[in-house]
Amino acid sequence: MEEQIKVLKNSPSAEEIEKILQEYLINEHTLQQQLQFINTLLQHIIIVYQSLKSQVRHLLQRVFYCTIGISNLLNHYKLTKNDIYLKFMKNLLVDPTLLSNTLSSCHKKKEEESQTKALFVGSKIFQTFEGELELTKYLELVVKQLIETARLGNHDISGFINPYLSIHPLEAKDILFENFLTGSNFELLSEIYSKMSQIQQKSFILKSLIPYLETKISIDNRDTITKILSRFNISKFESYIIKNVAELPNIELQQAVSSLIADPQTQMTELLDIWGNEQYIKNTQFEYQESMTKEILILLNYISPENRTQISRDKSFLNAITSRISNNDHDNRNLGLIIAKKVTNGEIKFDITDEIVIEPYKKPNLNSKIDFTDLLIGKSMQNLSISSQKVTTEKDSDDESESEDDEEEQNGIDTLFLKDLIKNFNDEKVNHLTPLLSHTVKLVRQKATFKLELEFYSEELASLIIGLLNKFDEPNFEQLKINALVSIIVTNTKVITHIMNLLFTGDYSIQQRMIILSSISLSARELRGFEDDFIEKVETDFPTRKIEQRHSKPMVQEVEDKPPRFEEIKDDNNEQFIGQGKVQRVSKKLTKPVEKTKPNNFSKIASKFFYPLANGWIKGIDVGTYNEMFLKHYLQTLELIIKAAYPCHEFDGMYELYNAILENSSNVTI
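Take the sequence shown: its position 263, counted from the start at 1, is 271 in the working numbering, and no numbers get skipped.
Treat the hints as calculated values from the structure; they're not laboratory data.
The beta-carbon is built from N, C-alpha and C at its ideal position, and this holds for glycine as well.
One should not assume that every hint holds.
Straight-line alpha carbon distances no greater than 20 Å define the calculated SDA-like cross-link-like pairs of lysine to any residue that follow [said to hold, decoys possible]: (1) K145 to T105; (2) K627 to L472; (3) K371 to D228; (4) K132 to L472; (5) K349 to I282; (6) K210 to L279; (7) K616 to E544; (8) K125 to H163; (9) K651 to L525; (10) K95 to L60; (11) K244 to D271; (12) K459 to E278; (13) K640 to I518; (14) K357 to N340; (15) K370 to N340; (16) K203 to N193; (17) K118 to K244; (18) K210 to N170; (19) K616 to Y666; (20) K251 to K203; (21) K98 to N80; (22) K502 to L665; (23) K370 to D382; (24) K117 to L43.
Pairwise CB distance ranges, derived in the manner of DEER restraints [as the list claims (entries may be wrong)]: (25) I518 to Y288: 41 to 49 Å; (26) E436 to Q63: 38 to 46 Å; (27) A270 to I669: 44 to 52 Å; (28) E286 to F194: 42 to 50 Å; (29) I669 to E286: 25 to 33 Å.
Build the full structure now, drawing on both the sequences and the hints.
In structure tokens form, the structure reads like this:
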């Protein structure tokens with residue numbers, strides 16, 4: 009090996025290079041020998057790569073079919089920014105067997121397989137050449153690698169699919185499914201799915217497949233979508249899927265999914281508990297409630313009339329209907345009457361103004377051939393389920409803030425969707441970040457009831473905000489960053505797991521980690537019901553004038569006539585309305601404003617905030633070099649979480665562990 013390396017360093021001929029490469033590829037080598045040989049090629053041979061014969065270039069590429077080869081290639085590009093390394097990497101990626109060969113070089117070593125995953129779908133390759141590699145082109149090359157590896161069948165790539173889909177929330181999804189949902193590749197995807205863990209399967213279905221199919225389904229290709237979904241076993245988590253599609257405004261997709269449910273009665277009953285909950289009725293946008301009503305009606309189509317009669321006598325059903333019909337809102341009452349009529353098989357007659365009628369959907373023969381060209385039909389306009397339409401001249405309550413909204417439009421942050429907000433953050437033309445951060449706080453909190461959108465974009469948005477630097481030297485930058493992160497956590501508490509992972513594994517500065525800790529503790533306090541002046545609170549109503557109004561929803565204009573002699577009545581000293589000759593006493597308890605008790609939304613999830621931090625401390629918080637200020641801040645975060653956690657069922661164990669940490673941290677003063 010030493011002799012060969014010496015030759016390579018001294019301007020070898022093409023024949024010498026070819027001979028050395030051939031010998032290297034047929035022999036076994038130690039890790040040290042591999043590193044030495046690959047670095048020699050990178051320094052002395054790759055720079056003349058384009059002048060070599062195609063046969064020699066192919067041999068040279070084969071040497072780099074391994075994690076050591078690719079990783080060192082990326083490092084050399086980072087150091088030199090020489091375009092020859094970029095061109096060489098592109099040539100490697102064009103070969104559809106690159107991933108399969110790289111996995112073969114791992115010899116089933118878990119650590120090297122993880123490195124391979126990080127390179128290809130953890131986007132290390134793409135990030136190294138960011139700006140030089142087009143995202144869609146990179147995604148297309150990698151998906152071809154996945155297809156070829158699946159076709160060869162030598163390696164399990166079930167753990168590669170979800171990370172690939174997370175490279176970009178929209179582009180990756182479209183490219184993967186456009187390539188796999190074909191006659192020649194669909195069985196490969198089905199086989200990959202069967203090897204996934206249950207958690208991976210659930211994430212794949214909920215976060216990727218269903219959102220993709222929602223953009224494709226129409227009444228014309230509903231049978232095709234149903235057959236596609238049937239090839240993915242969802243029986244172990246069908247409850248999660250039903251709850252997700254229940255709030256999608258897409259009847260065809262709801263019907264396709266519901267037709268595959270093993271136990272429609274159980275799923276319908278679980279939805280009914282949510283649908284009839286008073287807090288859900290009060291806090292959830294009507295469009296979501298209407299979509300869930302449609303899903304319940306669809307599931308009821310799969311329940312026999314006899315079983316429906318039994319449901320009509322069930323206490324949970326009666327409670328749900330009572331919550332609905334006793335509600336002050338006409339539309340909410342109407343939804344209750346619609347479900348009551350369906351469950352009682354129409355025996356009870358109601359005066360329903362806008363009835364929703366959904367005909368039963370008979371699923372196709374699931375074993376018949378799938379015509380994937382049906383996906384090209386695209387999504388048709390949704391059927392209007394409400395028979396009558398009403399026109400309203402209701403004044404928009406948001407018109408008062410028109411000037412404020414116009415200012416936002418001029419600043420380019422007048423976005424209504426999280427995906428557009430993320431695009432704005434990534435826009436290189438943006439020259440101020442604080443307006444975007446401020447808008448994030450407002451938009452995310454307004455999206456509190458948009459569960460699917462929040463869950464889909466929260467992780468990406470949180471990662472993006474944590475990594476922001478104050479490159480424009482803006483005032484209040486750190487405060488707004490914390491506020492934005494708090495808004496994300498409190499509206500979607502599931503994201504705390506991702507944020508903890510970023511804290512311990514992300515490549516961040518001490519200051520950035522302290523911001524993460526602050527956002528965690530402040531989120532815990534807000535969820536507990538505590539007020540902090542530091543945290544911005546915004547109105548959670550949407551500026552509806554910006555959204556095209558939903559014409560099918562009945563709208564009512566309420567105009568209250570002013571009561572007679574209103575000005576006189578409001579005068580507390582007017583004897584005419586107090587009563588003559590009598591002294592009226594009014595208790596101070598009646599005039600004192602009643603303070604609302606804020607709900608404790610933290611007790612059930614306190615352990616998810618406390619234990620990762622506690623375990624991180626015990627393990628030595630192996631995430632970098634720390635000063636006393638950071639360690640003090642870390643312990644203060646634990647203290648604030650403990651205070652917010654009381655009372656919760658795990659509090660005693662948490663408090664005991666917290667005290668143990670303090671005893672072993674006597675050198676750090678909180």
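These are the hints, each one checked on the structure:
With a CA separation close to 17 Å, the supplied pair K145 and T105 stays within the 20 Å bound. Proposed proximity of K627 and L472 is contradicted: the alpha carbons are some 27 Å apart, above 20 Å. A threshold of 20 Å between alpha carbons decides the hint, and for K371 with D228 the separation of about 13 Å falls inside it, so the pair holds. Our distance criterion of 20 Å between C-alpha atoms is met by K132 and L472, whose separation comes to about 16 Å.
Restraint check for K349 and I282: satisfied, since their Cα atoms lie roughly 19 Å apart, inside the 20 Å limit. As the CA atoms of K210 and L279 are separated by approximately 19 Å, the hinted pair is consistent with the 20 Å bound. Restraint check for K616 and E544: the C-alpha separation of about 24 Å exceeds 20 Å, so the hint is violated. For the hint linking K125 to H163, the alpha-carbon distance of about 12 Å falls within 20 Å, and the restraint holds.
Between the alpha carbons of K651 and L525 the distance comes to roughly 15 Å, so the proposed pair stays at or under 20 Å and holds. Our distance criterion of 20 Å between C-alpha atoms is met by K95 and L60, whose separation comes to about 14 Å. Simply put, K244 and D271 have alpha-carbon atoms about 11 Å apart, close enough for the 20 Å limit, and the pair holds. In summary, the hint linking K459 to E278 is supported, as the alpha carbons are separated by about 17 Å, within the 20 Å threshold.
Straight-line distance between C-alpha atoms of K640 and I518 comes to about 12 Å, which keeps the hinted pair within the 20 Å bound. For the hint linking K357 to N340, the alpha-carbon distance of about 18 Å falls within 20 Å, and the restraint holds. For the hint linking K370 to N340, the alpha-carbon distance of about 29 Å lies beyond 20 Å, and the restraint is violated. About 16 Å separates the Cα atoms of K203 and N193, which keeps this hinted pair within 20 Å; it holds.
As the CA atoms of K118 and K244 are separated by approximately 28 Å, the hinted pair breaks the 20 Å bound. Among the hinted pairs, K210 with N170 is consistent with the structure: their alpha-carbon atoms are about 10 Å apart, no more than 20 Å. For the proposed pair K616 and Y666, the alpha carbon gap of about 14 Å is at most 20 Å, so the pair holds. Taking the CA atoms of K251 and K203, the gap is about 25 Å. The hint is violated against a cut of 20 Å.
Proposed proximity of K98 and N80 is supported: the alpha carbons are some 15 Å apart, at most 20 Å. Between K502 and L665 the CA atoms are separated by roughly 24 Å; this puts the pair beyond 20 Å, and the hint is violated. With a C-alpha separation of about 18 Å, the suggested pairing of K370 with D382 holds against the 20 Å cut-off. Of the supplied pair hints, the one linking K117 and L43 holds, its CA atoms being roughly 18 Å apart against a limit of 20 Å.
About 42 Å separates the C-beta atoms of I518 and Y288, a value consistent with the hinted range of 41 to 49 Å. Separated by about 42 Å at the C-beta atoms, E436 and Q63 satisfy the suggested range of 38 to 46 Å. The hinted window of 44 to 52 Å between A270 and I669 holds, with their beta carbons roughly 47 Å apart. As the Cβ distance of E286 to F194 is approximately 45 Å, the hint placing it in 42 to 50 Å holds.
For the pair I669 and E286, the supplied restraint of 25 to 33 Å is violated, since their beta-carbon distance comes to about 41 Å.
Checked against the numbered hints given earlier, the structure breaks hints 2, 7, 15, 17, 20, 22 and 29 and satisfies all the rest.
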